[in-house]
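For the record, the sequence lines run as chains R and S. Numbering (this note's numbering) for the first sequence: 3 to 141. Numbering (this note's numbering) for the second sequence: 3 to 252.
Please note: incorrect hints may appear among the correct ones.
In silico lysine-lysine, DSS-like type, Cα no more than 30 Å apart, as pairs [said to hold, decoys possible]:
#1 S:124 - S:6
#2 S:28 - R:26
#3 R:11 - R:75
#4 R:79 - R:66
#5 R:14 - R:66
#6 R:62 - R:14
#7 S:176 - R:62
#8 S:6 - R:66
#9 R:62 - R:11
#10 R:66 - R:80
#11 R:14 - R:118
#12 R:119 - S:169
#13 R:66 - S:28
#14 R:80 - R:119
#15 R:26 - S:6
#16 R:26 - R:118
#17 R:80 - R:118
#18 R:119 - R:11
#19 S:28 - R:23
#20 R:118 - S:6
#21 R:23 - S:169
#22 R:62 - R:8
#23 R:23 - R:62
#24 R:11 - R:79
#25 R:131 - S:28
#26 R:118 - R:11
#27 R:119 - R:66
#28 S:169 - S:6
Simulated coverage check for chain S against chain R, where a stretch passes if three residues somewhere in it have a Cβ under 8 Å from a Cβ of chain R [as the list claims (entries may be wrong)]:
#29 84 to 90
#30 136 to 144
#31 153 to 165
These are computed hints drawn from the structure, not numbers from a lab. Bear in mind that the values here come from a model prediction, so they are computed numbers and not experimental data. Where a beta carbon is used, it is the ideal one built from N, C-alpha and C, also for glycine.
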Amino acid sequence: MALMPKRVKYRKEQRRVRARKATKGNYVAFGEYGLQSMEGAWVPGRTLEAGRVAAQHFLKREGKLFIRVFPDKPISKKPLETRMGTGKADVDYWAARVKPGTMLFEIAGVPEALAKKALVRVAMKMPVKCRFVGRRLSV
Amino acid sequence: MHEKSPLLTAEKRERIGTRYAARDRKRGRLPAIVYGHGREPLPITLDAHAALGLITRGEKVFRLDFPGHKEADEMQMVLLKDVQFDYMGSRIVHCDFARVDLNERVRTRVHINLVGEARGLKVAGNLLMHPVTEIEIECRVMDIPDHIDVDISDLDEGHVITAGDVKLPQPDMKLVSDPHGVVAQIVQGVELKAAEATTVAAEGAASPEVITAKKEEAKPGAAPAAGAKGAAPAAGAKPGGDAKGAAPKK
């Protein structure tokens, strides 16, 4: 697993409700362009890593990429052909909680066309519908 | 400025709240509020198409007209103070306006435009970073600029332009933002290999350290040897279970 926390308070976690809209982390804050999720999902750390690799290989050494979400939620999974019960299963992977509106990736230091091409490649890797956005109006 | 300021026709909102605001939006109105100058806040609605067109164009000072409303608020000068977006951050759902006089000094945020091609960008792999895209200034309402141009043509690698370095258009304008905020900076691009190396290192760590498991070990009287390794969440290992299992051995 590429991304996961260094220290946690508890090994396992309950699933919790995830059908909510993003009220924070839903705008381009660090870069100039961003990839915004249109749906909610638990995005595994390896998927985020795949997105990062896709963008950085495309951009070569140009621009700077920001990953705006972090997989800090442990997802447990029972092995195949196992009977139910005997406690909660082991942690299978770590996921980031993504809500509709969450900004997943941001890019700075490249023209808009290049940023869009890079982020479209990232969007192909994501398990959610995404859209390309710029900085929003500020007053 | 007074004549130049765009005119918006406002209607007073009789019923306020989420549902009524949503109904207003459905019929093409934009909910807003006007406050300031020691008077009661006044909830209003504006024509969404006209108002959003002006706001997205960067207008900040407006003349508000209240047709058929017998109040002193007629033809009020207002300053756009805040906008609220929906959860996707793309649609403006509400605006805040503050009553102002043209000669009044106000605090407002102004966008920064970077002008010119930085010298440091001619070196391959260098990046232009501008974390601060707007600065807060204090000035008279009639002097509020649309944007402030900052020349970056002399900016070289390692040099930084901070908010304090930005030359304000009028001498009586005062910078309110942190003067150390980085407006423009040339940085070296991160090597791809270096980034991949950190990933490989992270993969080496099997699982995260569990803070609570460590605390249980430190308890006096708890079984020492069996649970000692329990910092890492090994498969099926329960910190509490270890302690129970070790107790009968005593």
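So, going through the hints one by one against the coordinates:
no. : hint          : result
1   : S:124 - S:6   : violated (42 Å)
2   : S:28 - R:26   : holds (25 Å)
3   : R:11 - R:75   : holds (12 Å)
4   : R:79 - R:66   : violated (35 Å)
5   : R:14 - R:66   : violated (34 Å)
6   : R:62 - R:14   : violated (38 Å)
7   : S:176 - R:62  : violated (42 Å)
8   : S:6 - R:66    : violated (41 Å)
9   : R:62 - R:11   : violated (38 Å)
10  : R:66 - R:80   : violated (39 Å)
11  : R:14 - R:118  : violated (37 Å)
12  : R:119 - S:169 : violated (36 Å)
13  : R:66 - S:28   : violated (40 Å)
14  : R:80 - R:119  : violated (39 Å)
15  : R:26 - S:6    : violated (37 Å)
16  : R:26 - R:118  : holds (23 Å)
17  : R:80 - R:118  : violated (39 Å)
18  : R:119 - R:11  : violated (39 Å)
19  : S:28 - R:23   : holds (20 Å)
20  : R:118 - S:6   : violated (38 Å)
21  : R:23 - S:169  : violated (41 Å)
22  : R:62 - R:8    : holds (29 Å)
23  : R:23 - R:62   : violated (34 Å)
24  : R:11 - R:79   : holds (20 Å)
25  : R:131 - S:28  : holds (26 Å)
26  : R:118 - R:11  : violated (38 Å)
27  : R:119 - R:66  : holds (14 Å)
28  : S:169 - S:6   : holds (25 Å)
29  : 84 to 90      : holds (count 5)
30  : 136 to 144    : violated (count 1)
31  : 153 to 165    : violated (count 0)
When held up to the earlier numbered hints, the structure conflicts with 1, 4, 5, 6, 7, 8, 9, 10, 11, 12, 13, 14, 15, 17, 18, 20, 21, 23, 26, 30, 31 and fits the remainder.
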